[in-house]
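Asker: Protein sequences appear in the order of chains Z and F.
Okay, so the first sequence: first residue is 1 according to the numbering used here, each after it adds one.
Okay, so the second sequence: first residue is 398 according to the numbering used here, each after it adds one.
Everything labelled a hint here was simulated from the structure, so no lab data went into it.
Treat the hints loosely; a few may be bogus.
[As the list claims (entries may be wrong)] Computed footprint of chain F on chain Z; a stretch qualifies when at least three of its residues, placed anywhere within it, have a C-beta under 8 Å from a C-beta of chain F:
(1) 37 to 44
(2) 49 to 55
(3) 337 to 343
(4) 362 to 376
[What the hints assert, rightly or not] Reference excerpt, derived from the structure (chain F facing chain Z, CB under 8 Å, subset only):
(5) R476
(6) P490
(7) G491
(8) E500
(9) R531
(10) S629
(11) Y632
(12) V635
A virtual CB, placed ideally from N, CA and C, is assigned to each residue, including glycine.
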Amino acid sequence: MKAAYEVFEALSEPTGVEEDWRYVEFSTPFSGLKPVSTPGNPLDSGPFLAALGTNSGHVRIIDGLVIEAESSEASVSRLSSLPDPPTSDRPIPVDHNKLTAAHAAFSNDGVLIDVPPNSVMSSPLVIEVQGVTPDSATFPHVIVRVGENAEALVLVVYRSAEGERLLMVPEIDLRVGDGARLRYLTVQGVDHAATLVVHQRVTLGRDATSRVGEVGLGAKLGRLDLRVDLVGDGSSSEVVGLYFGEGDQTLDYRIVIDHHGKSTSSDVFLKGAVEDDAQSVFTGLLRIERDAQKTSTFETNRNLVLSENAKAHSVPNLEILCDDVVCGHASSVGPLEEDHLYYLQSRGLNKSRAGRLLIRGFFQEVIDRLPIEGLEGPVSEEIFSRFVSAQEEGRVA
Amino acid sequence: MSIALKVQGLSVSVVGKQILKGLDLEVPYGEIHAMMGPNGSGKSTLCHVLTGKSGYEVSGQAFLNGTDLFSLDVDERARLGLLQSFQYPTQVPGVRLEEFLMEATDEAGVDPDEATARIEAVAERFNMVDFLKRSLNTDLSGGEKKRSEIFQMAVLRPRMALLDEIDSGLDIDAVRQVAEEVDEMRSPDLGVLMITHYSRILRYVTPDRIHIMIDGKIVDSGGAELADELESGGYDAVRDRLGLPKAMAAEKTLKPADFFTETPFDV
Ligand SMILES: Nc1ncnc2c1ncn2[C@@H]1O[C@H](COP(=O)(O)OP(=O)(O)OP(=O)(O)O)[C@@H](O)[C@H]1O
Ligand SMILES: [Mg+2]
């Protein structure tokens with residue numbers, strides 16, 4: 001794509017000064033990275049998929065290239081094998097930033113998943129997205145089109161090779177047709193040496209519903225740039241997520257929920273914790289367009305800062321161009337609450353034990369709301385064990 | 398008879414303001430003591446300082462069954478058998494009552510099977526079964542929170558209980574029920590300090606002694622006649638009798654909730 005390449009060349013890498021890159025250091029310069037034409041050896045599926053049980057289809061994208069794509073309940077095609085892949089009408093502008101331009105210029109494969117109208121998926125379609133080749137920059141592309149009145153379940157698991165510096169820039173385009181329902185969960189478990197920047201869009205038709213979940217665990221920089229467009233009247237969106245940063249991780253969530261249709265509703269609910277030198281960023285913009293009467297929208301972002309050098313930035317925002325709406329936001333950043341600890345300790349729990357109970361409790365609320373069932377156990381175990389080892393090593397206050 | 402709780406010359410200040418002013422108190426095992434006093438006289442502060450809440454400047458001494466309380470952390474005091482039923486029980490979202498009690502009983506060395514059975518039986522008796530799976534105190538009514546506190550006490554079996562206004566916010570039947578439960582827990586292994594504003598609760602649980610706290614000190618202790626005096630003449634009658642200065646008119650009393658707010662430290 002020549003035009004995209006020119007845009008890519010013209011744009012500079014984010015420096016952290018740009019409004020939507022504030023707080024973040026983008027430290028994997030393209031110059032040291034190379035594209036991949038033959039996928040490396042796939043990794044195993046990791047602990048989360050093992051817990052899932054059955055699936056209704058399996059896609060594996062290694063280094064941006066599809067090595068497996070099958071489903072008994074949806075039609076799945078490799079983008080590179082389609083004569084006319086539907087990537088030209090992508091909802092993410094090429095010049096959104098240098099990374100989207102890079103994606104448009106260099107992405108050479110991905111999948112198109114069509115869920116037939118009126119069908120109901122029996123179990124999740126699993127998409128494994130892995131980066132394995134050292135010093136690579138790869139650009140997986142996923143399009144899911146949920147047909148009218150259909151119900152789709154999709155689980156995406158991101159992983160990368162241990163200790164390898166690499167960059168993954170997936171683009172995820174989720175189009176939910178009239179009356180359709182999508183439940184979509186991401187488990188982001190790439191290695192702490194990798195950089196992952198996901199551009200994800202959800203477009204909702206009339207009376208369509210999406211429930212999008214995020215479990216953010218991995219990456220040196222793990223960023224989700226998520227935009228949900230509630231285009232159809234009566235559509236609704238739920239975004240639920242949790243993240244836990246350790247070491248020098250940055251977990252970065254940029255969310256825009258844009259309400260266009262009438263009588264739409266949306267809820268964003270993200271909770272995270274940071275320890276060591278990790279930082280998290282949440283910016284959440286709820287935008288209500290001029291004709292979006294009877295919109296109701298809410299966002300909540302709660303952060304626990306568990307070590308002195310850890311940081312959480314939480315910036316909720318509203319942009320309302322219509323007056324017949326109900327909306328609000330709640331945001332907090334702080335350590336485990338003193339009066340919670342006091343209450344638990346006053347019944348005999350020592351401080352570490354009280355802290356563990358509070359960490360579990362803090363995340364349980366999100367885990368209970370994840371859109372795909374079956375992963376609750378391994379997700380809460382992973383978070384819990386991160387906190388417990390930090391406690392044992394004295395890395396948390 | 399051995400002494401469950403002994404407090405000597407306790408003075409407490411918070412942010413430079415003196416709240417307790419040399420307080421002495423003894424609660425022997427087997428006894429239930431009531432404590433009454435005007436709003437802001439320092440009753441809850443006494444409970445918090447004994448429980449070990451941070452943020453107070455403390456001088457004086459307190460002993461739990463002879464052990465110096467002030468050298469211990471909050472949880473160590475609890476493991477020695479001290480339990481406070483809070484005037485304003487904290488909501489802890491996400492932590493389920495049942496899970497919490499399993500941890501607390503485990504910490505107290507109770508075998509998990511026994512703990513499960515005990516929690517179930519006591520929950521039945523206190524009509525708390527529906528609350529076991531819910532988050533601690535979260536979205537409970539005022540009265541339900543108090544019920545939950547007494548329920549926890551019955552499960553955890555403390556040796557010294559500080560009951561801070563367990564009857565406030567309860568309906569008439571619930572006051573009777575809670576009072577009768579407290580009376581039933583009366584045992585030679587337990588001391589109880591019961592703070593209340595209402596003599597109603599004293600109809601169902603007869604205190605061995607009533608203490609009157611005014612302005613950070615216990616100004617009088619005695620039997621049921623003190624409650625009667627308060628009922629008819631209020632605290633001014635007590636002040637008159639003891640020659641204490643009258644209360645200052647409409648002094649604004651601040652609650653701890655006015656001081657503890659969430660302070661985000663984002664930059
Ligand atoms: N953290 C604090 N900072 C400042 N003042 C405090 C603090 N905690 C308590 N106080 C003050 O100390 C005094 C005693 O408060 P306390 O809560 O002990 O009263 P109380 O006797 O329990 O009253 P009530 O009957 O209304 O419950 C009050 O004037 C209160 O405002
Ligand atoms: Mg009080």
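Asker: Which hint numbers doesn't this structure obey?
Answerer: Failing hints, ascending: 1, 2, 9, 10, 11, 12.
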